[in-house]
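Trainee: Chain by chain, the residues run as shown.
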Amino acid sequence: MTADEPILVVQDLRKRFAEKEILRGISLQLHRGDIKVLIGPSGAGKSTLLHCINLLLPADDGRILLHGRDVTGFRKRRVYEYRQKVGMIFQDFNLFDHLTALRNVMIGLVRVKKIPKNEARRRALRELERVGLAEHADQYPAELSGGQKQRVSIARALAMEPEVMLLDEPTSSLDPELTGEVLTVIQDLAAAGMTMMMATHQFDFAESLANEIIFMEDGAIVEKGTPQKMLYAAENLRTREFCARIHGYWENPER
Amino acid sequence: MDEFLFLRQEVAPALMSGLWMSIRLILPSAVCGLALGVLVGVLRIYGNHFLKALVGTYVLFFRGFPLLVQLYLWYFGLPHVGIYLSPYMAAVIGFSLCSAAYHSEYVRGAILSIKKGQMMAAKSLGFSHTGAIFYIILPQAIRRALPGSGNELIYLIKYSSLAYMVTCIELTGEGKILASAYFKYMEIFMIVGAIYLLMVSLATWGLNRLEDFVAVPGFERIHD
Chain R
70 MTADEPILVV QDLRKRFAEK EILRGISLQL HRGDIKVLIG PSGAGKSTLL HCINLLLPAD
130 DGRILLHGRD VTGFRKRRVY EYRQKVGMIF QDFNLFDHLT ALRNVMIGLV RVKKIPKNEA
190 RRRALRELER VGLAEHADQY PAELSGGQKQ RVSIARALAM EPEVMLLDEP TSSLDPELTG
250 EVLTVIQDLA AAGMTMMMAT HQFDFAESLA NEIIFMEDGA IVEKGTPQKM LYAAENLRTR
310 EFCARIHGYW ENPER
Chain S
46 MDEFLFLRQE VAPALMSGLW MSIRLILPSA VCGLALGVLV GVLRIYGNHF LKALVGTYVL
106 FFRGFPLLVQ LYLWYFGLPH VGIYLSPYMA AVIGFSLCSA AYHSEYVRGA ILSIKKGQMM
166 AAKSLGFSHT GAIFYIILPQ AIRRALPGSG NELIYLIKYS SLAYMVTCIE LTGEGKILAS
226 AYFKYMEIFM IVGAIYLLMV SLATWGLNRL EDFVAVPGFE RIHD
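If you're matching them up, the sequences are chains R and S in order.
Using our numbering, the first residue of the first sequence is number 70, and each one after it goes up by one.
Using our numbering, the first residue of the second sequence is number 46, and each one after it goes up by one.
Hints are supplied without guarantee of correctness; some may be wrong.
[As the list claims (entries may be wrong)] Below, a list of computed lysine to any residue pairs in the SDA-like style, where the Cα atoms sit at most 25 Å apart: (1) S/K161 / R/L126; (2) S/K160 / R/V179; (3) R/K186 / S/H174.
The hints are simulated quantities; they were obtained by calculation from the structure and are not laboratory data.
Just so we're clear, the structure is a prediction, and the values are computed from it rather than from any experiment.
Produce the entire structure from the sequences given, and follow the hints as far as they go.
Mentor: Below you can see the structure in the form of structure tokens.
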């Protein structure tokens with residue numbers, strides 16, 4: 070594989086629910102180390118796109134290629150293998166409520182990767198340390214704050230050693246004072262070279278981290294480009310309006 | 046003194062052997078009923094169309110037919126198609142299948158109460174559908190089903206008394222024989238009733254301990 074070959078390619082992805090077209094032909098590419106941020110109003114299809122890429126929702130049309138291999142026709146075992154390579158972080162964490170933080174991270178290693186328990190425990194602890202939660206390993210999700218839950222869910226996804234991480238508004242259901250700790254973890258991931266695609270409304274964060282911002286509206290990509298371009302020199306009027314609005318909002322939250 | 050001798054020499058041995066038979070009926074029926082109930086509950090939610098229809102019909106019939114009628118069918122009905130069950134087997138099969146139908150409803154309700162995101166998160170980690178059900182959904186659902194399923198187990202202890210209607214002489218059956226022989230209905234059936242009360246109390250205590258044992262923060266219990 071050459072360096073400029075993309076890891077993940079999405080080609081003309083389409084999805085409709087009943088009469089409503091949620092994705093109207095989305096195409097994009099992720100290269101190693103890329104950090105792409107999806108922005109756009111609610112209902113633009115960002116979350117559906119990420120779910121489709123993780124094969125949690127079947128796309129109606131279009132292709133998804135991992136290392137050049139179309140995964141949309143994959144079944145069963147090959148889907149399970151694919152999902153281990155493409156980690157997913159959810160807006161509402163979805164930690165397994167009956168398991169401690171440590172066991173949340175361990176269970177995929179033990180049950181999916183079939184790694185012996187001791188080794189899995191060691192690796193799970195290492196991932197929890199990485200997100201700064203080793204001392205909370207024995208607590209249950211109900212005993213953790215929202216920010217801590219999201220960090221555990223990131224550790225859980227990382228433990229599977231994914232090549233790409235999809236993050237679906239990872240801080241949207243957090244109190245403002247808790248978003249910082251999650252963003253720091255994501256920043257660390259970025260610094261470590263993780264390839265990521267993230268839907269978010271935190272434009273200032275996207276601006277500092279992303280090498281490309283993708284603006285979606287009504288199930289289509291309106292415009293994409295570097296954060297600088299999207300913020301100061303967007304070609305499309307809608308993009309300019311939207312970026313200016315959320316940028317202003319995050320700089321002056323009281324407005 | 047006569048009363049005491051009568052109790053010790055006539056009543057106690059008969060009721061003890063009846064109690065033993067009751068326990069032999071209840072324990073396997075409870076285990077098989079619960080296991081089958083969990084399976085049926087899972088299939089009612091996650092099965093394909095065919096399996097859903099199949100287990101749906103099963104639950105309809107086994108909750109719809111009176112248990113006594115079911116026992117008559119197993120014991121008196123099946124020989125007509127060439128299947129002969131001992132009274133004991135007919136009773137255990139009857140109890141297990143009936144119990145499972147009720148358990149399945151508790152399990153089904155519990156599974157429906159688990160958030161959709163749990164399944165999605167499991168899948169995103171690479172779990173198979175079956176693996177996610179087994180390792181992620183069921184451990185949570187069974188905790189939620191426990192109060193209801195426990196109730197069904199308590200109920201089983203008492204409907205095990207129907208076994209004597211298919212000539213499997215357990216506690217109530219022995220009591221009936223004693224009471225008719227000596228015409229002491231009041232005394233004998235008060236003792237029999239007290240023994241059931243004792244079994245139910247023990248089971249309730251055990252189920253509460255079990256709920257405590259599997260309790261997890263976030264799955265709050267009503268009692269303490």
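Trainee: All hints are to be evaluated individually against the structure, with a verdict given for each.
Mentor: Hints and how they fare:
For the hint linking S/K161 to R/L126, the alpha-carbon distance of about 13 Å falls within 25 Å, and the restraint holds. For the proposed pair S/K160 and R/V179, the alpha carbon gap of about 23 Å is at most 25 Å, so the pair holds. The straight-line distance between the Cα atoms of R/K186 and S/H174 is roughly 22 Å, inside the 25 Å bound, and the hint therefore holds.
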